[in-house]
Amino acid sequence: MDTFVLIAITGIGLGALFFLVASGLSLIYGLMGVLNFAHGTFLTVGAFAGLWISTQVFTISNTWTFVGAMLFGGLAGGVFALLVERLVITRLYERHIEQALVTVGVALVVGAMLSGWFGNDPRLLPTPHWFINTVTIGKAFVPVDRFLYIGASLVLLIVLTSILRFTRIGLIIRAGVENRSMVGALGINVRLAFSAVFFLGGFAAGLGGVLVAAYQSGVTPLMSGSWLIYGFVVVVVGGMGSLGGSALAALLIGVVNQFTNYYFPGVGDFVIVFLLAAVLLTRPQGLLGKVGR
Amino acid sequence: MNAITLNNVDVYLSGSHVLQNVSFEVPSNKVTALLGRNGVGKTTTLRAIMGLIPSTGTISLFDKPIHGMPTYKIAHSGIGYVPEDREIFSTLSVAENLSLAVRDENPNYDLVYKLFPELLQRASQRAGTLSGGQQQMVAIARSLLNKNQIILIDEPTKGLAPKLVGEVAEALTHVANETTMLLVEQNLALVRSVAEHIIVMSQGSVVFQGDPSNLQNDEFVHSMLGVSGGLH
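Protein chains in written order, with my numbering: chain A, -13 to 279; chain B, 220 to 451.
I should point out that these hints are in silico values taken from the structure, not numbers from a laboratory.
Be a bit skeptical, because a hint or two may be false.
Stated by the list, open to error - Heads up, simulated SDA-like pairs for lysine to any residue below, C-alpha to C-alpha not over 25 Å straight-line:
1) A:K276 to B:S312
2) B:K333 to B:H393
3) B:K366 to A:R166
4) B:K377 to A:N165
5) B:K292 to A:R166
6) A:K276 to B:S309
7) A:K276 to B:S343
8) B:K292 to A:R77
9) A:K276 to B:G351
10) B:K292 to A:K276
11) B:K292 to A:Y79
12) B:K292 to A:L68
13) B:K366 to A:L73
14) B:K366 to A:K276
15) B:K366 to A:I155
16) B:K366 to A:S167
17) B:K292 to A:K125
18) A:K276 to B:K382
19) B:K377 to A:V74
20) B:K292 to B:D282
21) B:K283 to A:S167
22) B:K283 to A:N175
23) B:K366 to A:L78
24) A:K125 to A:Y249
25) B:K333 to B:K382
26) B:K366 to A:N175
27) B:K292 to A:G156
28) B:K292 to A:S167
29) B:K377 to A:R166
30) B:K292 to A:T153
31) B:K292 to A:R160
32) A:K276 to B:D323
33) B:K292 to A:R177
34) B:K292 to A:Y249
35) A:K276 to B:D304
36) B:K366 to B:G287
37) B:K292 to A:L73
38) B:K292 to A:A182
39) A:K276 to B:Q344
40) B:K249 to B:V426
Bound-form chain B, shown alone (with noise of 0.2 Å):
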């Protein structure tokens, strides 16, 4: 069963046509990789799902349409958002992040201290004095505290020291087996080692969609991600 499904979605932004006729699946219990060189239109595709800007089209979530709604009921619906850029509330502490983002009676906050021990430390810390790492726990951890059916997450590794990418990837593997995920990510490595299903975009639309398998000697695609000798 498919988690996602978007079909013939377009968004247009100040008169550009950002998103043209876009279509694809995100299959549940998997981790799905929406790759594309910058501005293709992946955090569109993301935003345009959360209803964040308007948009044409339909997208579905287990079959249940979600288009049009506000964005506080797709969320409530089961969607946990990371977006690009973290967008943390910085004047509010670390707990008061967290504790805004709760919807659920009883929040897995074992899940999230356990994966990022430094939140239980830094819980009366303000947000914004957090390093950009330490921001995007905070942004991954605002979406494992409700359980939802499925997680968009854009670009969490984009920014990050090295070291930061290793701690980010080894909390998206732990996330990747306990729901379904939407990611968009550049770091291919991080890619390679999570996704088991791909989309590939490129000037706003849909160029592949399946097994990363089968993208290994895709030249076409290859070249639309940018990459040489396929993704090993």
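Just chain A, same shape as in the assembly (with noise of 0.2 Å):
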């Protein structure tokens, strides 16, 4: 039992920091129809931002630096992705072969260049001191960060819900995503609204940067190959455009993964492919996706 109750929390854990990568992608791709291969750009640009701020910046290592980290690696991300949205996909909006060349392209090259500045070794992001201590609960002890990734989603989601729900930007966002023509026929800029989608989606990865460089213990240029492919997975089974159904399917995959590679090790990506597989081929739209969208 106890080994159940620390399995489940490591992969809720788990699941939180994949639906941290995946909100963004599930807002760009699911919202705008933006095939974004450099989204896992926006995720490394934000860990370094984060890795920056934490070592240049603050002087001490406690929850608030940590916290100034999140939010740093947050806007960072958002930024990066505001520009690559500004000055690469805002001309190839419908556009799905180029959009997947040209964000492919700018991963490549970001990547490259962190490569050149930093070099491939990982770095030690700072982390407040109680990242290593463990809670109690029942006989198992389970690491606290865990509960940090799952209440930072938890935010997150309620967020982004929030925003795209009772905004004015997200009434903007959801008109757009139906009728883009109509939305500017009605006097509105809509290419602002799809910024903001960009932004919110980068904030969401370069936040998950951050977190995911302190799960990993370390900040590298490469850092976010396995988790991009995870992200694509999970918005893939949740359903385009549902932050619900991304929250559910993170939580699923990060689960199903912890227990399958506990009992059979090695084993956890291959059930989550089968996963995937069986989502496609009973439930093409996703969980909790649309039909038709």
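Reassemble the complex: the two chains are provided individually, in unrelated frames, and hints are given to aid placement.
Structure below.
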């Protein structure tokens, strides 16, 4: 039972990290139809920004400096995503092949630049001392950082959902997804709204980058690779454009991955691919996606 | 003074020369009807004015050029647009559809709810679940919330039941008293009741523009419209 609790909470924590990566992808692809292979770069840029402020600006490492690093990483990821959208994507809406090619190009170029600048060795991200603590649930010793990942994901889910549901920019985004030209004909600059989507997606990825760096004990230019793949899997399984679906899929994939790897070491990734195939075959729109989107 | 002036406007769509050297004026404070058979370029003309499709030539609003501007800026300069097939946002509620269209500080909800009281009762209903007539009300209401210099309305009675045609016609008559209107409409009874100026198009070109009374005995124009016996 203790092992079950430990694996379950670790799986939920891992799922929370998957959600941080996938939420931006879900927004950008699901709402705007942009195939963004540079999303992993937003995560890496966020992680490096978090590392920079933690080591160059903050002289101590505590809870508040880590929260500051998370927000700064999110901001850096958001600003970088905004730049990519304004400079590259804005000319390529509705052109999926070009989007894929260009965003792969951006990912390669930025990855190479970061490698040239920082090298590929992991750099340790300072974390508060309580990161190494555990809490006891039953007889299981659960690392405290898992709860931080879960909390951050929950806050992000609530904030993003609230923005889409209750704000004017969210209203414009939802309308623009349905009929972009009509939104323009009502006198609204829908491009600005779509830039906002990129910023939000980049913010989520950047924030996720800092937490992923804390989870895997280091920042490297190559850190986003497998996380981006998991992000795409989560978005497809959850349903394009459905933040709730992404959250559910991330949770499912994180928990299934951890349990499988515990009982059948090394088989976790295979089971996730099997799960993806099963969802595509039986419910192609994803768990909470809408048919025909 | 003219609200809208088109000079030598051409539009090519998928290799077809859809609008050919179209020039006309829409006088201010009047209802102008843009007539013609299906496929002559009426909807394309409205879309070109709104900047929704690429065109050449010049288009101006009260002598200020709007041609080449992004669609949202054209709308901001004071043009309301009610497109063919309504194009309401089906996943949003009625209230959200209306709220999205608001540009003015004091949107005229009073006028909207006076003309279409049903929209107030159905404020929280998803617009996609409304009937065709109710969706048309939403589409027209969006253009009435702001103080526009002109409203472009594309076939507002298309596909509506006769009873609803009457309701929409009544609303349009009311709107006609408030603002300049360029109306594309196949329902000649409605056109007769509101239009003070008429433009007739055929095969992508303007073949007549002027007072409806001048049109009564013009057999050539009647043949372009596919009607016989005039607009009586």
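Now the hints, each set against the structure:
1. Using a Cα cut-off of 25 Å, the hinted pair K276 (chain A) and S312 (chain B) holds, with the two alpha carbons roughly 18 Å apart.
2. The suggested pairing of K333 (chain B) with H393 (chain B) holds, with an alpha-carbon distance near 11 Å, which does not exceed 25 Å.
3. As the CA atoms of K366 (chain B) and R166 (chain A) are separated by approximately 23 Å, the hinted pair is consistent with the 25 Å bound.
4. The straight-line distance between the Cα atoms of K377 (chain B) and N165 (chain A) is roughly 20 Å, inside the 25 Å bound, and the hint therefore holds.
5. For the proposed pair K292 (chain B) and R166 (chain A), the alpha carbon gap of about 15 Å is at most 25 Å, so the pair holds.
6. Our distance criterion of 25 Å between C-alpha atoms is met by K276 (chain A) and S309 (chain B), whose separation comes to about 14 Å.
7. Under the criterion of a C-alpha separation no larger than 25 Å, the hint pairing K276 (chain A) with S343 (chain B) is consistent with the structure, at around 21 Å.
8. Distance check on the hinted pair: K292 (chain B) and R77 (chain A) sit about 19 Å apart at the alpha-carbon level, within 25 Å; holds.
9. A C-alpha spacing of about 23 Å is found between K276 (chain A) and G351 (chain B), which places the hinted pair at or below 25 Å, so the restraint holds.
10. Pair hint K292 (chain B) plus K276 (chain A) does not hold up; C-alpha atoms about 33 Å apart against a cutoff of 25 Å.
11. Between K292 (chain B) and Y79 (chain A) the alpha-carbon distance is near 20 Å, which keeps this suggested pair within the 25 Å criterion.
12. Between K292 (chain B) and L68 (chain A), the direct Cα distance comes to roughly 23 Å. Compliance with the 25 Å bound is thereby established for this hinted pair.
13. Restraint check for K366 (chain B) and L73 (chain A): not satisfied, since their Cα atoms lie roughly 36 Å apart, outside the 25 Å limit.
14. This hinted pair does not check out: K366 (chain B) and K276 (chain A) have alpha carbons roughly 37 Å apart, beyond 25 Å.
15. Annotation: proposed proximity of K366 (chain B) to I155 (chain A) holds, straight-line Cα distance about 23 Å (limit 25 Å).
16. A hinted pair counts as satisfied when its Cα atoms are at most 25 Å apart, and K366 (chain B) with S167 (chain A) qualifies at roughly 21 Å.
17. Restraint check: the Cα-Cα separation between K292 (chain B) and K125 (chain A) comes to about 64 Å, which exceeds 25 Å; the hinted pair is violated.
18. A hinted pair counts as satisfied when its Cα atoms are at most 25 Å apart, and K276 (chain A) with K382 (chain B) does not qualify at roughly 35 Å.
19. A hinted pair counts as satisfied when its Cα atoms are at most 25 Å apart, and K377 (chain B) with V74 (chain A) does not qualify at roughly 41 Å.
20. Proposed proximity of K292 (chain B) and D282 (chain B) is supported: the alpha carbons are some 16 Å apart, at most 25 Å.
21. Between K283 (chain B) and S167 (chain A) the CA atoms are separated by roughly 23 Å; this keeps the pair inside 25 Å, and the hint holds.
22. Using a Cα cut-off of 25 Å, the hinted pair K283 (chain B) and N175 (chain A) holds, with the two alpha carbons roughly 21 Å apart.
23. Taking the CA atoms of K366 (chain B) and L78 (chain A), the gap is about 35 Å. The hint is violated against a cut of 25 Å.
24. For the hint pairing K125 (chain A) with Y249 (chain A), the CA-to-CA distance comes to about 20 Å; that is within 25 Å, so the pair holds.
25. For the hint linking K333 (chain B) to K382 (chain B), the alpha-carbon distance of about 18 Å falls within 25 Å, and the restraint holds.
26. In summary, the hint linking K366 (chain B) to N175 (chain A) is supported, as the alpha carbons are separated by about 19 Å, within the 25 Å threshold.
27. In summary, the hint linking K292 (chain B) to G156 (chain A) is supported, as the alpha carbons are separated by about 21 Å, within the 25 Å threshold.
28. Distance hint between K292 (chain B) and S167 (chain A) is fulfilled; the C-alpha atoms sit about 13 Å from each other, no more than 25 Å.
29. For a cut-off of 25 Å, the pair hint linking K377 (chain B) to R166 (chain A) stands: about 23 Å separates their Cα positions.
30. A threshold of 25 Å between alpha carbons decides the hint, and for K292 (chain B) with T153 (chain A) the separation of about 22 Å falls inside it, so the pair holds.
31. Taking the CA atoms of K292 (chain B) and R160 (chain A), the gap is near 21 Å; set against the 25 Å cutoff, the hint holds.
32. For the hint linking K276 (chain A) to D323 (chain B), the alpha-carbon distance of about 35 Å lies beyond 25 Å, and the restraint is violated.
33. A C-alpha spacing of about 13 Å is found between K292 (chain B) and R177 (chain A), which places the hinted pair at or below 25 Å, so the restraint holds.
34. In summary, the hint linking K292 (chain B) to Y249 (chain A) is not supported, as the alpha carbons are separated by about 61 Å, beyond the 25 Å threshold.
35. As the CA atoms of K276 (chain A) and D304 (chain B) are separated by approximately 23 Å, the hinted pair is consistent with the 25 Å bound.
36. A distance of roughly 23 Å separates the Cα atoms of K366 (chain B) and G287 (chain B); the hinted pair therefore holds under the 25 Å criterion.
37. Using a Cα cut-off of 25 Å, the hinted pair K292 (chain B) and L73 (chain A) holds, with the two alpha carbons roughly 22 Å apart.
38. A distance of roughly 19 Å separates the Cα atoms of K292 (chain B) and A182 (chain A); the hinted pair therefore holds under the 25 Å criterion.
39. Among the hinted pairs, K276 (chain A) with Q344 (chain B) is consistent with the structure: their alpha-carbon atoms are about 19 Å apart, no more than 25 Å.
40. The straight-line distance between the Cα atoms of K249 (chain B) and V426 (chain B) is roughly 20 Å, inside the 25 Å bound, and the hint therefore holds.
The structure does not agree with the numbered hints 10, 13, 14, 17, 18, 19, 23, 32, 34 stated previously, though it agrees with the rest.
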